[in-house]
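Residue numbers (full-length UniProt numbering): 1 to 514.
What the hints contain is simulated information worked out from the structure, not anything from laboratory work. Keep in mind that the hints are not guaranteed to be accurate.
[Claimed, not checked] Beta-carbon label-pair distances, calculated as ranges:
{"#": "1", "residue 1": "K64", "residue 2": "V152", "range": "35 to 43 Å"}
{"#": "2", "residue 1": "Q227", "residue 2": "R149", "range": "44 to 52 Å"}
{"#": "3", "residue 1": "F380", "residue 2": "T503", "range": "20 to 28 Å"}
{"#": "4", "residue 1": "A346", "residue 2": "D499", "range": "20 to 28 Å"}
{"#": "5", "residue 1": "V477", "residue 2": "G71", "range": "47 to 55 Å"}
{"#": "6", "residue 1": "D2", "residue 2": "G471", "range": "14 to 22 Å"}
{"#": "7", "residue 1": "G437", "residue 2": "D499", "range": "16 to 24 Å"}
Just so we're clear, the structure is a prediction, and the values are computed from it rather than from any experiment. Ideal Cβ placement from N, Cα and C applies to all residues, glycine included.
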Amino acid sequence: MDYVIGIDIGTQSTKALVVDTRGAIVAQHSSAYHPDTPRPLWAEQWPQVWFDAVTACIAACVAKAKEQGIGAQQIKSLCVSSLYGGSGIPVDENFEPLHPCLIWMDRRATAEVDWVREHVDVARLEAITGNGVDSYYGFTKMLWLRNHRPAVWSKTRWLLPPNAFVIQRLTGALAVDHSSAGNLGGVYDVHARAWSNEALDMLGIPASMMPERLVESSDVVGGLLPQWAGKLGLAADTPVVAGGVDAAVATFAAGVTQAGHHVAMIGTSMCWGYINQSVDARHGLVSMPHVYNGKRDLYVFGGASTAGACVAWYRDQFCQAEIEAAKHAPHGDAHRLLEEAASKVAAGSDGVVFLPYLMGERSPVWDAHASGAFVGLNLFHTRSTLYRAVLEGVAFALRHNMEAGRRGAQSLDDRLIVVGGAAHSDLWMQIIADVTGYPVLSIEQEVEAAMGAALLAALGAGLVSRETAEGGWVTLVERATPDAGRQRVYQDRFGVYVDLYPTLKNAMHRLRAE
1 MDYVIGIDIG
11 TQSTKALVVD
21 TRGAIVAQHS
31 SAYHPDTPRP
41 LWAEQWPQVW
51 FDAVTACIAA
61 CVAKAKEQGI
71 GAQQIKSLCV
81 SSLYGGSGIP
91 VDENFEPLHP
101 CLIWMDRRAT
111 AEVDWVREHV
121 DVARLEAITG
131 NGVDSYYGFT
141 KMLWLRNHRP
151 AVWSKTRWLL
161 PPNAFVIQRL
171 TGALAVDHSS
181 AGNLGGVYDV
191 HARAWSNEAL
201 DMLGIPASMM
211 PERLVESSDV
221 VGGLLPQWAG
231 KLGLAADTPV
241 VAGGVDAAVA
251 TFAAGVTQAG
261 HHVAMIGTSM
271 CWGYINQSVD
281 ARHGLVSMPH
291 VYNGKRDLYV
301 FGGASTAGAC
311 VAWYRDQFCQ
321 AEIEAAKHAP
331 HGDAHRLLEE
341 AASKVAAGSD
351 GVVFLPYLMG
361 ERSPVWDAHA
371 SGAFVGLNLF
381 HTRSTLYRAV
391 LEGVAFALRH
401 NMEAGRRGAQ
411 SLDDRLIVVG
421 GAAHSDLWMQ
431 IIADVTGYPV
441 LSIEQEVEAA
451 MGAALLAALG
461 AGLVSRETAE
471 GGWVTLVERA
481 TPDAGRQRVY
491 QDRFGVYVDL
501 YPTLKNAMHR
511 LRAE
């Protein structure tokens with residue numbers, strides 16, 4: 001039997017797994033960390049943290065597989081998926097990092113956004129890239145580095161996505177996959193599937209900082225170098241496959257390979273995406289070549305900056321009693337206690353609406369100065385009310401993106417697949433079904449992007465057919481169906497949610513003004 005390794009570098013942890021060519025998991029391991037947030041709306045990470053986590057996870061998985069009699073020669077390839085690396089990692093000519101990577105969550109480049117809008121033909125930029133202008137996009141973060149870290153900028157040879165950086169260290173070969181390149185926004189020609197010299201010139205970013213070699217997500221970048229093979233317990237020259245942006249890879253893991261398929265990935269952030277062959281930046285969503293069949297298909301998605309991060313924030317800041325109680329509960333999970341209490345609160349959270357804009361907001365709002373809010377509070381409300389309101393607020397953000405996405409989608413299936421940490425919550429799955437009106441399914445295996453990376457590894461090594469890749473390895477399970485009564489409540493509350501941001505926008509901006 002042959003085996004492959006799938007790795008996913010996430011915002012708060014890296015996961016790896018070993019699977020056979022039928023998708024059965026034989027070993028898995030994870031390593032946790034946190035991004036650095038030195039100032040409000042800043043989020044960055046030194047790439048060594050990611051690389052150390054990747055190598056630790058691979059070595060642990062290989063060791064666990066070895067205990068089951070699986071030798072190094074049986075592991076035929078590995079693939080690396082990663083979070084969207086924003087600016088990319090600025091490295092010198094020896095590939096040594098010069099500065100932390102400004103990750104997707106970072107929103108510091110607001111002045112650079114203003115500069116682009118004032119000095120660049122935005123309509124032309126959108127036509128070239130299929131994407132808009134916002135501090136989410138990597139090209140605005142690159143401009144921030146240019147403007148605020150000139151010493152770093154002058155020494156920068158390349159700007160590398162996290163997966164490309166890790167693969168270069170493992171193989172000595174440099175390449176960027178098309179999904180990672182496209183998600184940078186203003187430097188990639190979505191029609192030509194190539195870097196755009198025209199856009200780079202408009203922005204004043206040297207084309208030489210963009211690695212020349214662009215590859216498909218299932219392409220082999222290079223072979224594992226001997227020094228890493230020994231440390232990881234793998235054979236030298238084991239093929240390393242390019243991978244791509246984690247949201248698209250998780251979508252691929254769920255079997256999404258055709259127009260109309262759509263998936264919500266709800267982890268630290270939320271990405272709802274679908275497959276299309278064209279894109280219009282005016283719809284306010286993000287686009288990139290898909291990690292499967294990327295020469296034809298685009299992965300188009302809307303994203304909330306914080307989703308699970310809102311839930312974790314609320315738990316950590318206001319629910320110490322549940323955290324302590326969970327230490328003595330058999331399951332040890334504060335979220336389960338919070339969910340039990342919140343399930344007794346009626347749909348609509350007794351008139352409380354939560355705006356989940358704790359790190360500004362991406363689509364369709366696109367406002368780095370947007371901020372979170374509870375609206376409708378009174379003395380009757382409890383922590384359980386507010387916890388449910390947080391879950392509902394993220395579900396409203398999901399529907400807000402779906403409403404925008406429908407304007408450009410060729411079609412959307414009559415069911416919604418949800419992957420990520422939110423899928424652990426039965427209450428949240430039911431809220432999402434009731435808010436969106438879609439029956440909700442999730443992946444039984446709970447491995448998402450790492451499994452998608454493993455499937456890309458097998459495809460790249462020629463171990464599975466394209467027919468197998470299109471069908472996927474995972475099993476989908478039904479989680480929730482919409483309830484007509486709760487749908488009526490949420491229809492009204494969603495209208496309130498949509499109205500709140502424009503009503504509060506000026507106040508949000510005044511509060512954020514430095």
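Hints, verified against the model:
no. : hint                       : result
1   : K64 with V152: 35 to 43 Å  : holds, 39 Å
2   : Q227 with R149: 44 to 52 Å : violated, 31 Å
3   : F380 with T503: 20 to 28 Å : holds, 23 Å
4   : A346 with D499: 20 to 28 Å : holds, 21 Å
5   : V477 with G71: 47 to 55 Å  : violated, 34 Å
6   : D2 with G471: 14 to 22 Å   : holds, 18 Å
7   : G437 with D499: 16 to 24 Å : holds, 20 Å
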